[in-house]
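A.B. asks: Assemble the complex: chain U is given as a structure, and chain F with the ligands must be docked to it using the hints.
Sequences listed follow chains U and F, in order. Here the first sequence is numbered in my numbering, starting from 368 and rising by one per residue. Here the second sequence is numbered in my numbering, starting from 55 and rising by one per residue.
These are calculated hints, taken from the structure and not from any lab test. Bear in mind that the values here come from a model prediction, so they are computed numbers and not experimental data. Backbone N, C-alpha and C define an ideal beta-carbon position, used for all residues, glycine too. Don't take each hint at face value.
[What the hints assert, rightly or not] Once the Cα atoms are required to be at most 25 Å apart in a straight line, the calculated DSS-like pairs of lysine-lysine come out as: (1) F/364 to U/447; (2) U/439 to U/394; (3) F/364 to U/443.
[Stated by the list, open to error] Here are a few chain F residues that sit away from chain U, every Cβ distance over 10 Å (derived from the structure): (4) 82; (5) 156; (6) 171; (7) 207; (8) 238; (9) 262; (10) 282; (11) 314; (12) 403; (13) 475; (14) 477; (15) 514.
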Amino acid sequence: MDILSINNLSKSFRQQQVLRDISFTVKQGEVIAVIGPSGSGKTTLLRCAAMLENADGGSIDLGGISVVESGKYADKASLKSARTKCGMVFQNFNLFPHMLVLDNIIDAPVHVLGIPRQEAVREALALLGKMEMQEYVNAYPCELSGGQQQRVAIARALALHPEILFFDEPTSALDPELTNGVLRVIRALAEEDMTMVIVTHEMDFAEKVADRIIFMADGMVVEDGPAAEVIHNPANERTKAFIAGLKSGF
Amino acid sequence: MKRYILTILFLLTLLLPAYGAGNKPVLRMVTSANFPPYEFHDNNTIVGIDVDIVREIAKRNNFDLLIEDMKFDSIIAAVQTGKGDIAASAITVTEDRKKMVDFSIPYVTSRQVIIVPGDSLIDSGKVLKGKRIGVQHGTTGDNYVTENIGEPQRYDDASMAITALLKGKLDAVVLDYEPSQVHAAKNPALKILEEPLFFEEYAFAVAKGRGQLLAVINQTLSQLKKDGVLTEIRKKYEKHTEEVVKNVTEEKYTGIAGDFYTNFVKDNRWQYLVDGFYVTIAVAVSSVLFGVLIGFVVAVIRSTADQTGKLKIANFFCRLYLAVIRGTPVVLQLLIIYFVVFGSVDVDKVLVAIIAFGINSGAYVAEIIRSGIMSVDRGQMEAGRSLGFSYLQTMNLIILPQAFKNVLPALGNEFIVLLKETSVCGFIALQDLTKGGDIIRSQTYNAFMPLIAVALIYLLLVVIFSKLLEILEKRLKRNE
Ligand SMILES: Nc1ncnc2c1ncn2[C@@H]1O[C@H](COP(=O)(O)OP(=O)(O)OP(=O)(O)O)[C@@H](O)[C@H]1O
Ligand SMILES: [Mg+2]
Numbered sequence: 368m369d370i371l372s373i374n375n376l377s378k379s380f381r382q383q384q385v386l387r388d389i390s391f392t393v394k395q396g397e398v399i400a401v402i403g404p405s406g407s408g409k410t411t412l413l414r415c416a417a418m419l420e421n422a423d424g425g426s427i428d429l430g431g432i433s434v435v436e437s438g439k440y441a442d443k444a445s446l447k448s449a450r451t452k453c454g455m456v457f458q459n460f461n462l463f464p465h466m467l468v469l470d471n472i473i474d475a476p477v478h479v480l481g482i483p484r485q486e487a488v489r490e491a492l493a494l495l496g497k498m499e500m501q502e503y504v505n506a507y508p509c510e511l512s513g514g515q516q517q518r519v520a521i522a523r524a525l526a527l528h529p530e531i532l533f534f535d536e537p538t539s540a541l542d543p544e545l546t547n548g549v550l551r552v553i554r555a556l557a558e559e560d561m562t563m564v565i566v567t568h569e570m571d572f573a574e575k576v577a578d579r580i581i582f583m584a585d586g587m588v589v590e591d592g593p594a595a596e597v598i599h600n601p602a603n604e605r606t607k608a609f610i611a612g613l614k615s616g617f
Numbered sequence: 055m056k057r058y059i060l061t062i063l064f065l066l067t068l069l070l071p072a073y074g075a076g077n078k079p080v081l082r083m084v085t086s087a088n089f090p091p092y093e094f095h096d097n098n099t100i101v102g103i104d105v106d107i108v109r110e111i112a113k114r115n116n117f118d119l120l121i122e123d124m125k126f127d128s129i130i131a132a133v134q135t136g137k138g139d140i141a142a143s144a145i146t147v148t149e150d151r152k153k154m155v156d157f158s159i160p161y162v163t164s165r166q167v168i169i170v171p172g173d174s175l176i177d178s179g180k181v182l183k184g185k186r187i188g189v190q191h192g193t194t195g196d197n198y199v200t201e202n203i204g205e206p207q208r209y210d211d212a213s214m215a216i217t218a219l220l221k222g223k224l225d226a227v228v229l230d231y232e233p234s235q236v237h238a239a240k241n242p243a244l245k246i247l248e249e250p251l252f253f254e255e256y257a258f259a260v261a262k263g264r265g266q267l268l269a270v271i272n273q274t275l276s277q278l279k280k281d282g283v284l285t286e287i288r289k290k291y292e293k294h295t296e297e298v299v300k301n302v303t304e305e306k307y308t309g310i311a312g313d314f315y316t317n318f319v320k321d322n323r324w325q326y327l328v329d330g331f332y333v334t335i336a337v338a339v340s341s342v343l344f345g346v347l348i349g350f351v352v353a354v355i356r357s358t359a360d361q362t363g364k365l366k367i368a369n370f371f372c373r374l375y376l377a378v379i380r381g382t383p384v385v386l387q388l389l390i391i392y393f394v395v396f397g398s399v400d401v402d403k404v405l406v407a408i409i410a411f412g413i414n415s416g417a418y419v420a421e422i423i424r425s426g427i428m429s430v431d432r433g434q435m436e437a438g439r440s441l442g443f444s445y446l447q448t449m450n451l452i453i454l455p456q457a458f459k460n461v462l463p464a465l466g467n468e469f470i471v472l473l474k475e476t477s478v479c480g481f482i483a484l485q486d487l488t489k490g491g492d493i494i495r496s497q498t499y500n501a502f503m504p505l506i507a508v509a510l511i512y513l514l515l516v517v518i519f520s521k522l523l524e525i526l527e528k529r530l531k532r533n534e
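With the rest of the complex left out, here is chain U:
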């Protein structure tokens, strides 16, 4: 079953067209890595899929809900229910600094989904355990390292039981020694068949965790295929050049 299906998506900022005719689908339990040079539109694509940005044209189906059909957005109620079907993990975490770690996680379940507080707390503690963060329940975000903050942010997104999780370069704001902890928990999620779309520059990680890799350039999907194939045997010249560049170090 397709959790996310994007068809002919386009998006411009003023004159500049950032996304051109993007189409791909994500099946239940699939992990997709999105790679591509800076400015190729990866973040914009995720933001459109997560409804943080409005697309100009094309269609998005999310968790069985038609969010946008040929550039026309659905009614508020559909959008609201679609929003709770996806979760977003940001490059710079965006935890709520004025709330304790626990409150960061339970706030949306309690206020948006109306889950009783006690139940939300119980689940938050379980999620924090999974993120290896249980001892920081009563800390403020500022008291945590970047890697720890990102793991709390993942727990926060998971607390809404999303059918799909989007990650926008979850480790690129982190010091190298802190990335492993975050990658480890994402990998654990993959093993539990969480459906995920991950924008990343970590090729080793992408190869190990992703089922498919999408390579974007100039707002287009240039290549879309099995992870090992795209990395070791890319069909497109630009993909080849990009991957060769990464391997040579820069």
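C.D. replies: What follows is chain F with the ligands alone, placed relative to chain U:
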């Protein structure tokens, strides 16, 4: 957020005094009670020749009397707008004033005299031209000097003018006869010229078109004249003036201790400061809460309009509100709200002040909070939206608490400014701290002690408040 709003509303209702309704018809007298022996504060009540006469008028015509003390400048406006029925404040009948109100028959003839230093060469009104003359703003002395001699120096009250004269900043002061006697007795370095500058007649004023009331007043006044009651009342207060003269010249203590005694201890005058203190606190605290409420709403509308392009019309009105409120002096806003907006309804003045200062403060708070909203990282809104919060929920739960914390010092500053701005409450006859000091000054003829005391109280309030704010800021800093 809802909880805060409820708390604020609750606090506001606490400050509204309950209204009681009498059964007799009420005669509302407006006066400026800093002019003994005609009207002044004595032991926390307003007394004087005018008060006694009007009380008699009320009694004989079966009215309940209600006395409102306000700035002399506001009195005519007060009867014109129906805030009061009768203006009784040693008002001199002049042609200009006749155009605005109707006068009763005169009940007293008084005079304006010239006070000069004892060694002054000025010996009559004829040589005043080109001299530096002090007057009390808006009085007939002021008008006379302005029209016949030249621009005077206008002071808010007589003791200020006298002090300026003593310091050599003026050559002469033109003042009503009775207070001049007290000032001269108190300051032996000054003398009153024998020959008055001019004579004048005092009468009561009512709004145009209230012929029936005027007839009642005139009829009773004639009776009082015939009965000799008028003379009795004047005699009673002549004694009072003599006593004041005696008191100010034969003080129990001398020097600073003496000043302190007369200004604060004697006749429980400190009570004016205490009462005024409560009014100032009530007005300042409630209007800042009201202002914060308005400020939050306006700031959210403005930011939403800026960020999403929605709410265009609401945004337009918010901008209009900001422009008007920030573009005009708060005294004018207070007067307009009192005389125009609530012109024909009887509203408690504390409430009027809270509304006026709240609306005023709201404009400044709105911009402070808007800057706070802009200081919060954009990612916070995105994170909120991605978790399924609506725009408003994200605002309330995530953006505003952070914005509030960021602008707390600026908000504290706004409160301090507001606290001191409330000192213009006297314009609508509200007895706040500043007005309390004014009342003491009008009784003791001492310009400095009450002023310094009032200043010290404001200072103390601001210091205490700053300390509390510091503690609050420290507590909120825990998550940084
Ligand atoms: N809000 C915006 N307004 C105008 N232009 C934008 C906006 N957001 C992105 N862009 C432009 O769109 C293009 C694609 O940006 P995007 O952030 O999607 O790229 P990216 O692939 O995520 O790059 P990176 O690897 O650097 O994160 C860029 O040229 C960027 O300048
Ligand atoms: Mg990006």
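A.B. asks: Run every hint past the structure and note whether it holds.
C.D. replies: How the hints compare with the structure:
1. F/364 to U/447: Holds - the C-alpha atoms of residue 447 of chain U and residue 364 of chain F are around 19 Å apart, at most 25 Å.
2. U/439 to U/394: 24 Å, holds
3. F/364 to U/443: 16 Å, holds
4. 82: Its Cβ never comes within 10 Å of chain U, the nearest being 52 Å, so this holds.
5. 156: 63 Å, holds
6. 171: Since the minimum Cβ distance to chain U is about 66 Å, residue 171 of chain F lies beyond 10 Å and the statement holds.
7. 207: 56 Å, holds
8. 238: Residue 238 of chain F is indeed farther than 10 Å from all Cβ atoms of chain U, at 66 Å.
9. 262: 59 Å, holds
10. 282: 76 Å, holds
11. 314: It holds; residue 314 of chain F is separated from chain U by about 50 Å at its closest Cβ, greater than 10 Å.
12. 403: 40 Å, holds
13. 475: Non-interface label on residue 475 of chain F holds, nearest chain U Cβ at 31 Å vs cutoff 10 Å.
14. 477: It holds; residue 477 of chain F is separated from chain U by about 36 Å at its closest Cβ, greater than 10 Å.
15. 514: 33 Å, holds
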